[in-house]
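Student: Okay, here's what each chain looks like letter by letter:
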Amino acid sequence: MEDSQNFKDLSEIKNLMERSSRFHSLSGLSGVSAGIVAILGAFAIYWLLNFGQLMYDEHLYVPGSSVRRNMTGLLLLVASLTFIFALGCALFFSYRKAKRNHLKLWDHTTKRLLVHFFIPLITGGLFTLILIFRSDITLVASAMLTFYGLALVNAGKYTFGEIHYLGILEITLGLLAGIFTNFGLVFWTIGFGILHIVYGLIMYFRYER
Amino acid sequence: MKNILANLNKAFENRIRLGIMSVLMVNDWMEFNSLKELLETTDGNLASHLKALEEKAYIKMKKQFVGRKPNTSYQATEAGKTLFRLHLDALEDLIKKQ
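Order-wise, the sequence lines are chains D and A. In the numbering used here, each number is its position in the first sequence, counted from 1, plus 548. In the numbering used here, each number is its position in the second sequence, counted from 1, plus 4.
This is chain D alone, in the form it adopts within the complex (with noise of 0.2 Å):
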């Protein structure tokens, strides 16, 4: 009698330990869904740069043209809104997520996780700038990536494990991306649009059938 409320404490510590330190509402439906926007996202690029005719890199940084800049414009705003709606989506799936599980969407934990997701993450998003306003334009996917994978390293501390390794694959393809500069958009697509979509369906799979 005494052992079974022994055992039953137990597996109620262990419980606690894991439901107070870590936030489980993040669906893997929630990185599909943000892997099928940014690859629509990439594809309107691609498109914007005519088919890739001309290489992003180069086509931005003809001297003086007048081009230069409204191209400029155009791609910030194309990658504004891939990112809010990958936000949106990612959002809408994990309040999904929450709702069914009986949790609630905003408590400590989603705090703490998106504290340590998004210093380094806004970080690399002001450094993406700079490099556009200083026409560094050929390290941009490779800064995107990097950055985001140690966001994404970083907050696995505070949600499920899997987001570290993750984030070491998306820090991986932003290195390659710097050295293989002509194939920023390719490995962009990978990281943000591939990536998202085979780990969202690994985690919906794992913890969500």
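Hints listed in this document are in silico derivations from the structure and should not be mistaken for laboratory results. There is no bait here: all hints are sound.
Here are the simulated SDA-like cross-link-like pairs (lysine to any residue), alpha carbons at most 25 Å apart as the crow flies:
id, chain 1, residue 1, chain 2, residue 2
1, A, K14, A, V30
2, A, K64, A, D47
3, A, K40, A, T86
4, A, K55, A, K67
5, D, K652, A, G48
6, D, K562, A, N49
7, D, K705, A, S77
8, A, K67, A, S38
9, D, K556, A, T86
10, D, K562, A, T86
Dock chain A against the given chain D, drawing on the hints supplied.
Tutor: Chain A only, in chain D's frame:
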């Protein structure tokens, strides 16, 4: 056997107190309201157990003001963490022995 029983700590023998210590083992500072939600208990009940643990110096409290609202947070002390770990080990040993 005697050793095991010696490490079981009466101060932790309650569902809420076990819960408080568990949460504070893995979280640095926890607010009163977050604890309340996690442990699904009432203000009064939680406060009295927190008080008991605080008097034993197993946890410490800090009060801050967020705007005008007082905001109370708790943290486990080193001593509290050590004793709680011993308590958990003792519980595990008890289960293994039987």
